[in-house]
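Asks: Chains as they are written, first to last, in my numbering: chain A, 1 to 356; chain B, 1 to 530; chain C, 1 to 74.
Mixed in with the good hints, there may be bad ones.
Listed next, the in silico DSS-like pairs over lysine-lysine satisfying Cα-Cα at most 27 Å (straight line) [as the list claims (entries may be wrong)]:
#: 1; chain 1: A; residue 1: K175; chain 2: A; residue 2: K336
#: 2; chain 1: B; residue 1: K70; chain 2: C; residue 2: K3
#: 3; chain 1: C; residue 1: K3; chain 2: B; residue 2: K392
#: 4; chain 1: B; residue 1: K330; chain 2: B; residue 2: K315
#: 5; chain 1: B; residue 1: K211; chain 2: A; residue 2: K4
#: 6; chain 1: A; residue 1: K4; chain 2: B; residue 2: K493
By construction, these hints were calculated from the structure, which means they are not laboratory data.
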Amino acid sequence: MRSKVILRVLICVIVFVLLFICLQRLLMPKYTREAEEGRLTAEYYGSDKNHDVLFIGDCEVYENISPVTLWREYGISSYVRGSPQQLIWHSYYMLEDALRYETPKIVVFNVLSMKYGEPQNEAYNRLALDGMRLSSTKINAIKASMKSEESLMSYIFPILRFHSRWNELNSDDLKYMFCSPPQLSVAGYLMRVDCRPLKTDPPVGHQLMDYSFADICWEYLEKIRTLCEENGAKLVLMKAPTVAPYWYAEWDSQIVEYANKHGLAYYNFLNSVAEIGIDYTADTYDEGQHLNVWGAEKLSSFFGKELASLGAPDRRGEADYEQSWAKLCERYDEVKQYQQDILEQTGTITGFPVPD
Amino acid sequence: MGFVSVWFLLFCAAAVLLYYVLPKKWQWPLLLTASCAFYASYDLRYFGFIAVTTVSVYFAACKISQLRAKQNAYLQEHPELGKDEKKAYKAKTKKKTWAWLITCLLLNFGILFALKYINFFIGNINAIISIFIESKIPTFDKLLLPLGISYYTFKTAGYIIDVYFGRYEAERNIFKVALFTSFFPTLLNGPIDRFPLTAPTLFSEHSWDEKRARFALQRILWGYFKKVVIADRLVVAVIAIVSDPEKYPGVMVAFGALLYAAELYCDFTGGIDITIGVANLFGVEVSENFLRPFFSKNIAEYWRRWHITLGTWFKDYTFYPLCTAKPVMKLTKFAKNKFGAGAAKRVPIYVASIVLWFCTGAWHGASWNFILWGMGNCFVILVSQELTPLYKRFHAKHPDIDNKWYYKTMCIVRTNAIMCCLRLFDCYKDVPTTFKAFGSMFTKPSFNMLNGTTLLDLGLTAADYAIAFAGILLIFAVSMIQRRGSVREMIDKKGFAFRLAVFALLFAVIIVFGAYGLGYDSNSFIYSKF
Amino acid sequence: MDKIIEMLLQLHPDLDVECDSLVDDGILNSIDVVTLVTEIFNEFDVTVPASEIVPENFNSASAIWEMVSSLMDE
């Protein structure tokens with residue numbers, strides 16, 4: 001009798017928990033038809049975690065830096081932990097999260113997000129954080145990122161946030177309920193092969209009232225620097241060579257000053273556009289905001305030299321590296337070919353199409 | 001933490017687990033600890049108020065009990081005393097106990113008045129004196145309104161009055177009084193419990209009982225369904241309608257009143273279902289607060305079935321004492337001599353009803369809206385009381401009509417229509433707006449407004465309406481079945497698999513279709529602001 | 001006792017005088033109870049204190065009578 005009762009209670013608990021998990025899986029956005037960047041954070045966990053260089057930042061890294069190029073030309077093993085409009089506290093916790101799995105030799109932070117002192121939009125918190133594995137890092141990341149109307153519980157149980165998606169469910173929600181959709185990025189890089197040239201001169205920003213970065217940004221930059229130091233990683237700062245959003249000289253000088261003070265390398269690639277060989281009429285797919293694959297390859301090829309000189313080792317010839325990168329190179333070429341075919345057939349590319 | 005939060009669920013789960021794992025003698029102290037923690041999670045400053053209430057009520061009740069015990073002992077020791085001497089001695093004791101009772105009640109209702117009504121009071125005085133002079137008495141801003149103060153003040157007042165009446169002895173353990181005052185499931189929305197009803201289960205030891213726990217969980221689910229799926233969904237449209245009476249006149253007022261009826265019912269009964277369910281998880285019995293009120297055939301019956309514990313409280317501690325108070329009795333006598341028996345009979349009823357409904361109105365909120373709402377109820381009840389002879393004659397002519405379905409339905413519809421109109425007071429922001437909105441139902445009915453475009457303009461999608469409508473149908477169906485007995489018992493008889501399927505489905509519906517989370521503000525139960 | 005029954009019948013002509021759950025069954029409502037209290041006051045000159053107004057004292061004619069007689073004794 002007693003064991004029967006226990007059995008029944010157990011069955012109930014299992015049924016309710018399973019039901020909850022299934023509903024949650026079903027209703028979570030799969031980011032297959034829109035906001036595909038939402039898949040980036042989770043994809044990191046599927047990579048072979050043997051990266052010597054780790055990039056953190058927003059679209060200025062994940063659309064402009066191609067790790068495959070770094071590998072092919074310099075034997076550098078790298079990964080881009082990017083997410084759309086990644087704010088500096090996101091970046092910090094992305095790094096902290098990655099450090100739970102591996103210790104890179106170089107960490108590259110793209111400084112554009114220094115301009116944002118507060119969360120801009122709840123959606124970007126979701127895109128950055130929902131894919132992260134549950135850990136104390138994730139909890140801290142959530143607490144640091146939440147806007148006042150959000151709640152911690154809705155990150156731990158995302159169904160609390162996404163349950164109202166029931167009237168926008170589509171076949172992908174069923175299809176990818178228990179398995180992930182095809183790999184979107186190649187080592188964190190999102191590729192676009194099309195081109196929409198910048199036809200005018202690069203835009204110039206309006207004058208601002210105040211050029212100083214928010215205190216919180218400096219605080220997190222400092223935290224990133226100390227975290228790197230503690231883990232024996234070299235922090236490198238970069239600013240991608242994209243023309244919008246506008247990067248003010250006043251901002252740049254503050255970063256230069258900070259880099260000098262702490263002996264950090266800082267590359268503002270806006271200053272080396274000609275040297276890199278970037279042509280805004282050919283190497284961008286949205287008039288200079290993001291580079292396309294051709295631009296990204298040029299930038300990576302240029303940056304790779306610097307990274308190598310900063311101590312990123314050449315891993316070519318090491319069996320396990322060769323093995324993991326061979327797969328990634330293959331995927332890279334596959335995606336590139338796939339997008340070129342689409343471009344040829346339809347003339348346009350939307351989102352980040354990848355073959356299954 | 002409100003009921004609609006994961007923290008509350010986790011909190012309850014942890015409390016229940018400890019409750020049955022720890023030695024049984026720790027059970028009620030654990031509940032007290034949990035209640036304190038629950039209270040503290042809102043605002044630590046609230047603590048002072050509930051502590052003052054607890055200590056004062058405990059102390060005064062003990063004192064009253066002691067005085068009475070002393071009196072009884074004295075009377076027993078002195079059987080030789082004559083009737084008049086006994087009476088005199090009793091009167092002396094009564095005077096003392098009365099003093100304790102009044103001091104305690106004045107203190108506690110004083111706190112309630114000071115926190116809840118002082119600004120309303122000052123506002124009215126200002127309105128009066130502004131006729132004569134220009135100056136104004138400043139009102140207080142940022143007054144603290146401790147969580148559940150209306151509920152626990154009434155609950156403890158009932159307790160001490162009963163002790164004074166000699167209905168039961170005072171509780172000698174202050175911590176038990178504290179638990180009775182602050183039992184956490186009842187803090188947010190009542191019920192206003194009676195001590196002798198709750199106490200036996202609140203302080204006794206309980207073993208885990210599978211069926212009791214199952215029923216409790218089922219009730220909690222049902223409460224969340226009403227609250228989260230229906231009430232919190234409809235509230236958006238209700239607010240849209242009542243906050244813009246110019247834009248939504250006539251038929252939209254009526255539509256708003258209907259939505260509000262459904263919302264209020266689902267919100268309040270849902271909250272009570274959760275309260276009772278959580279209490280039952282601990283083996284504690286608390287009073288039922290609703291008995292399918294929308295099936296009432298007249299307003300008096302409605303008030304015996306809606307917010308039952310509040311109605312009983314006012315009946316026992318306001319209505320009856322007032323009816324039997326000496327001045328009222330004198331007035332009755334006077335009326336009898338002057339105007340005859342018919343008038344005399346009405347005196348206590350009228351006096352007590354008016355006071356009762358004034359207080360009931362004020363209990364719901366410190367504004368003229370609520371007071372007029374109370375008086376409206378009073379008016380309808382007294383009028384129907386006066387019409388009793390008419391009804392009797394009508395029934396004499398049609399002896400069987402009470403059992404006819406169409407007559408019953410007519411009565412129910414009429415009662416609900418009146419209640420919906422009265423409830424307009426508690427929707428619109430002030431009295432003139434309410435009257436204007438009510439009047440617009442006749443002056444500009446605007447029937448053409450009841451179309452898809454207007455309805456979708458209220459902040460609900462077609463899917464929202466569909467879900468709310470289906471939910472209300474379900475509640476209606478369950479209520480119909482309930483008239484024949486407990487629905488949970490019926491489901492139970494169908495076996496384990498059926499039961500599991502039904503409640504798993506309900507669970508899924510709540511999770512998926514609930515109007516909670518970002519974009520919905522479901523953190524405040526309507527009835528917790530009182 | 002007969003007076004009490006008379007009062008009850010005046011309130012509800014079709015009332016079953018043997019019934020012992022007048023309040024519990026909702027036959028007497030609060031207004032009826034107060035009417036009874038007033039009538040008792042007029043008839044017997046006893047004030048029924050609020051503390052005595054509990055369902056048990058009004059559930060049947062005999063219960064009411066018992067209460068009234070004990071109040072008269074005091």
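Asks: Against the structure shown, which of the earlier numbered hints fail to hold, in ascending order?
Replies: 2
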